[in-house]
Amino acid sequence: MSLQVQGLHAGYGRLEVLHGVDLEVGTGELVAVIGANGAGKTTLLRALSGLLKVRDGTVLVNGTDVTGKGPEKLAASGLAHVPENRLVFPTLTVADNLLLGAYTRRRRPSAERDADRERALALFPRLADRLGQAAGTLSGGEQQMLAVARGLMARPTVLMLDEPSVGLAPRLVGEIFTALGVLRDDGLTLVLIEQNARAALAIADRGYVMDRGRVVFTGVPSELLGDARVQATYLGGDFSPAGGAGDGEPRPAGGSVAMEGG
Amino acid sequence: MTDLLQLLFAGLSQGAIYALIAIGFVAIFAVSGVINLAQGEFAALAGLVAISARASGLPLPVAVVVAVATVAVVAVVMERLTIAPVKAMTTLVSLILTLGVSTALKALMLLVYGPNAEGLEAITPGIVTVAGVSIRYQDLWILLVAAVVSAAVYWFYDRTVTGKALRACAEQPVAARLVGISLGRASLISFLIAGIVGALAGVLSSPVYFTSWESGLALGLKGFVAATLGGLVSIRGAVLGGFVLGVLETLTAGYVSTGLRDAVAFLLLIVVLVVRPGGIFGRHAEARV
Ligand SMILES: Nc1ncnc2c1ncn2[C@@H]1O[C@H](COP(=O)(O)OP(=O)(O)OP(=O)(O)O)[C@@H](O)[C@H]1O
Ligand SMILES: [Mg+2]
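Here the protein sequences come in this chain order: A and B. This note's numbering numbers the first residue of the first sequence as 1 and each following residue consecutively. This note's numbering numbers the first residue of the second sequence as 1001 and each following residue consecutively.
Be a bit skeptical, because a hint or two may be false.
As a list, the in silico DSBU-like pairs of lysine-lysine whose alpha-carbon atoms are at most 30 Å apart [stated by the list, open to error]:
hint: 1; chain 1: A; residue 1: K53; chain 2: A; residue 2: K73
hint: 2; chain 1: A; residue 1: K73; chain 2: B; residue 2: K1087
hint: 3; chain 1: A; residue 1: K69; chain 2: A; residue 2: K53
hint: 4; chain 1: A; residue 1: K69; chain 2: B; residue 2: K1087
hint: 5; chain 1: A; residue 1: K53; chain 2: B; residue 2: K1087
Honestly, the hints are just simulated from the structure, not real lab data.
Just need the whole structure built from these sequences, with the hints factored in.
See below:
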């Protein structure tokens, strides 16, 4: 088990946002976390990566208790968090963004980090052509790719992504989700937070549905897609205009991504 | 013409000192939003420590090293005691805290070194006359050291992993933390840099301008104005700002009135803040540090 979260409470000031979240992610699994705006998905990731204080509950990474550690420690112990809105370092070059992604491994042999960089660039070939370009001048999609690649440079045990599809054209979303599928097939453990529930469930092994700071539903994608309540509440907006009730499509073989139009 | 050259040269030498102090302001502000009002005191303290070390018989280079090391330690201790413990630092809070440190350092210097102004001995004493312009050798040293130090600082931020990590903290602190960079350590390093450049400004300027417990006030203010001219987050801007200020000051003193000398900095500051808040060279997209 790569990541085990039990009874996690966290919030901002006097406002408690997470009221006891349980989450388990097996090694090599891709788990999607979906839920409406304000459900607490981003808050969950912030608490897991140490940006936000854990008020109660435990977080285990590879069986080691890391509850309450700061982000600098957690980055070193294998949790990589690709944040909402990408947050690339804008005046630094693409190459330097990747270099800093490996900051916790800066004392490792540079050959090792170079190999990681080659792997990340193979996943996102567009970045390879732009290594010397300031990250702030990349397109939104390229910045998202860079944010994911930067996360990979830490050689994480678990890669956690916060809405990588936001604001991107469907073609780019497809590229990024395909890359996530490839990473999962290579054995990486992933936690994917998404508004775009359908696209996320299409590549996920399992899904969690969050609502107002709690996990309200969990299961394999076909169960989630087939559940009437989940459909009504979280998948409605993503449905084809025909309405297609009971459209519990199983995950496409080979991990490729079926994208919905608008 | 000779007059003009003479004034320009004096202005560049003066500007080099401002540039070093301005680098200190930028190093700290860009990373943590802290405006360090004790930056001038770093310079004054270094000058006084070097003078007293020299007076106790240490060779000049050793006295300089002792002074720079002392101030570096003071800067680091200051950061740990007054900046690091504050959970929610804002620029306003930083002004209050660093004003306190500045006042304390001044009192300490007065207590230890007394009220008199003294000058450190010049690295190379004497004057050379070139094309009718008389130049102190010390001014050449000031320009040389300022150029080397500015280039070294620029290289540090542009090329080293630690320098890039500091820029990352300045640009995206949340993402910097997520890749494992400690903001606390970044703040500490920025104070170390500010201490070193401030101390160098202090020991370099002492032979020409003399040092007392209160020299830090003018140096700090001028350095701050220079940093602001450069946009407050750019090393290149800070260095250019220092030279622009130094030259304008000496030209004003030479052609208008010596009494207006100190007013230049503030007139310039007001004009820049009104007309170009991003600094005279500033584009807002310009690299931080
Ligand atoms: N910095 C903050 N300070 C105070 N409250 C916050 C803060 N960030 C989020 N919240 C509140 O916490 C709740 C959960 O927000 P969160 O960002 O975790 O939701 P989310 O599931 O990621 O939503 P979205 O899908 O819109 O990104 C919301 O009610 C939000 O208003
Ligand atoms: Mg969110």
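Do the hints match the structure? See the list:
no.	hint	verdict
1	A/K53 - A/K73	holds (14 Å)
2	A/K73 - B/K1087	holds (19 Å)
3	A/K69 - A/K53	holds (9 Å)
4	A/K69 - B/K1087	holds (17 Å)
5	A/K53 - B/K1087	holds (14 Å)
Comparing the model with each earlier hint shows no violations; every hint is respected.
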